[in-house]
Amino acid sequence: MNAWIAISPLLLLVGGGLLVMLVDAFTKERNDLATVTAATLFLSAGVSLFALLSGKDPVDVPEVFGAFLATDRLGLFFDVAIGLGGGLSALLAGGYLREHGLERGEFYVLVIFSAFGAMVLARATDMLTLFVGLETMSLGVYALAGFRRGSPRSIEGALKYFLLGSFAAAILLFGSALIYAATTHTDFAGIGATVAAGDADIKLLLMGLLLVLVGLAFKVSAVPFHMWTPDVYEGAPTPATTFMSVVVKAAAFAVFVRVVITAFGDDLSASSAGGWPPILAGLAVVTMVYGNLAAVGQTSIKRMLAYSSIAHAGYLLVGMAAASVVGEKAISAVLFYLMAYTVSNVLAFGSLILMGSRGREAVSFDDLAGVGRRHPLAALPMVIGVLTLMGFPPTAGFFGKYYVFSAAVEAGGGFVWLAILGVLASAIGAFYYLRVIVAMFMKDPVPGEPVAVPMRSGSVTAALVISGLLVMDMGLMPGSMLDLAIAAAEQLFAG
Amino acid sequence: MEITLGTFLALGAILFGIGAIGFLVRRNVLIQLMSIELMLNAVNVVLVAVNRYHPDNHAGQIFAFFVIAVAAAEAAVGLAIVIGLFRLKKSVSAADANLMKH
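So the protein sequences, as listed, match chains E and V.
Position 179 of the first sequence, counting from 1, maps to 179 under our numbering, and the rest follow consecutively.
So the mapping is simple: our numbering equals the position in the second sequence, first residue as 1, plus 1000.
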């Protein structure tokens, strides 16, 4: 019985996914599907949030799940992030698919089952669960990316994502096979114990670790494994892009945390001289610098947001690298950042969806010219969205950056330089984020070009209101979310 | 020559390398799919061989079954995307998917 309760957020998604498939077969009203999908994902997030807030220790059922699946606070925390991000994406899809003539029920089924894979991935404590969760999530997302079958861009994005994604998965898998060869363990705790006891073949182990890190860096789109990100984000239908940028990123970082802390938290792999901290710090530097610089020159806002998501992966990697010194503090900062990033990114992409109507999407800066003066209320969510991605107080994004960089400063040594570089890189970010506001309020539309007309959709409005409120809530009162993140990080290090 | 675990690891690494090179060099999507299959099978060789030399549990062999099953699912999605590409471009070459530049 306890086992059912422990994984109830995942079971809810499975039930909801099957229900959506049934409803899809018997109804013509696709709007209901968006509501059912969002309700399922929100319910799953709500159950997890309730369990987190109750303060009781999550039920531990090792006799059922063994070392394969974690039922800890970290898992619940990511259930909340994934359920929230997925549910909001489904609401956005409810308006977008109807407006652009793409209404097919598969979209919602894929969203739910991918979110399920993401939750499994975030709870993975064994290389096997990691692989199965990763593929369950990714296979759905490949299909979502190519959902607009008639569009060469959508198919091209899906193809690039699929090819590079499976290539990266194969590399990650070979890495875990080498780790298995070095330690004869596939579970993270067993790997950690064998390495700490000195029984592991160090050469094979380090090679395996390197390959696993490459695979994970690909999934979180860290430079130089980011090549797919701009093309896939641009080609995919915008709600699918939203889903990718929040759910996939959150789940990939969740398992990233588990791998480096649980499996490679020993003194040798986590030393600043060798092992993963210098690798992650290096990735963080190039990712922050490249992501921000490349975003400056973009003419498409969708592509700009793709590079911005690369830059955010860089800031998160700063926190991950700092976790080798100030473990709990850095990990809780990363968790808070991911939650803030989830709501901020939904707000930004959702506003972009809101600006397009009747088959005509708003994607470039020119499309948004003058929208702010003609439709000030519709421009408001976009303004808050770019401000929070920029890290402007008092929004969720500000505290995310603040916690991550202060953890890096506390870690001392070279990590202080990482934090300084992060702040400088965010300053570049201010330039291209503010350009969106400038385009909306200070530019006039090109004469003769059609002007953007915001769509009217209850579900898109609902998604924007929810994410906007959460952005402001986490910006004005970050304490309650931070407490949840700290509790999750503490349990990870204790267990 | 004596067959040791190292021999199997070397075989796995060689197969994996051939697959990786094939993936990077060839532009035909179907060949790239086959190369990925080769890489996954290299993983299976390593997993099963390590399990043979450390038979206290069966994690490696079970893992190999999962890899085989997931590889099949992956191929299904991949081929669907290739069909989508072929419908639009009348080609299965990754070089023809070039609308968006980095």
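A few of these clues could be false.
Using 20 angstroms as the maximum straight-line C-alpha spacing, the simulated SDA-like pairs for lysine to any residue come out as follows [claimed, not checked]:
1. K1089/V x P152/E
2. K1089/V x A430/E
3. K1090/V x A1080/V
4. K302/E x T194/E
5. K1089/V x I1031/V
6. K203/E x M1100/V
7. K1090/V x K302/E
8. K1089/V x S406/E
9. K203/E x T1007/V
10. K443/E x P394/E
11. K1090/V x K443/E
12. K1090/V x S151/E
13. K1089/V x K203/E
14. K1090/V x L1079/V
15. K302/E x L1099/V
16. K203/E x I1031/V
17. K203/E x S1091/V
18. K203/E x K1090/V
19. K203/E x H1054/V
20. K1089/V x F441/E
21. K203/E x A1010/V
22. K203/E x Y1053/V
23. K203/E x G1017/V
24. K302/E x T1004/V
25. K302/E x T1007/V
26. K1090/V x F441/E
27. K203/E x E1037/V
28. K443/E x E361/E
29. K203/E x A1076/V
30. K443/E x S459/E
31. K203/E x L1088/V
32. K443/E x A430/E
33. K1090/V x E361/E
34. K203/E x T1004/V
No lab work stands behind these hints, which were simulated from the structure alone.
Keep in mind that this is a model prediction, so the values were computed, not measured.
Each hint tested on the structure:
| no. | hint | verdict |
| --- | --- | --- |
| 1 | K1089/V x P152/E | holds (8 angstroms) |
| 2 | K1089/V x A430/E | violated (40 angstroms) |
| 3 | K1090/V x A1080/V | holds (14 angstroms) |
| 4 | K302/E x T194/E | violated (46 angstroms) |
| 5 | K1089/V x I1031/V | holds (18 angstroms) |
| 6 | K203/E x M1100/V | violated (40 angstroms) |
| 7 | K1090/V x K302/E | violated (28 angstroms) |
| 8 | K1089/V x S406/E | violated (51 angstroms) |
| 9 | K203/E x T1007/V | holds (16 angstroms) |
| 10 | K443/E x P394/E | violated (27 angstroms) |
| 11 | K1090/V x K443/E | violated (42 angstroms) |
| 12 | K1090/V x S151/E | holds (14 angstroms) |
| 13 | K1089/V x K203/E | violated (46 angstroms) |
| 14 | K1090/V x L1079/V | holds (14 angstroms) |
| 15 | K302/E x L1099/V | holds (16 angstroms) |
| 16 | K203/E x I1031/V | violated (32 angstroms) |
| 17 | K203/E x S1091/V | violated (44 angstroms) |
| 18 | K203/E x K1090/V | violated (47 angstroms) |
| 19 | K203/E x H1054/V | holds (19 angstroms) |
| 20 | K1089/V x F441/E | violated (40 angstroms) |
| 21 | K203/E x A1010/V | holds (14 angstroms) |
| 22 | K203/E x Y1053/V | holds (18 angstroms) |
| 23 | K203/E x G1017/V | holds (18 angstroms) |
| 24 | K302/E x T1004/V | violated (53 angstroms) |
| 25 | K302/E x T1007/V | violated (49 angstroms) |
| 26 | K1090/V x F441/E | violated (44 angstroms) |
| 27 | K203/E x E1037/V | violated (26 angstroms) |
| 28 | K443/E x E361/E | holds (19 angstroms) |
| 29 | K203/E x A1076/V | violated (36 angstroms) |
| 30 | K443/E x S459/E | violated (29 angstroms) |
| 31 | K203/E x L1088/V | violated (47 angstroms) |
| 32 | K443/E x A430/E | holds (18 angstroms) |
| 33 | K1090/V x E361/E | violated (27 angstroms) |
| 34 | K203/E x T1004/V | holds (17 angstroms) |
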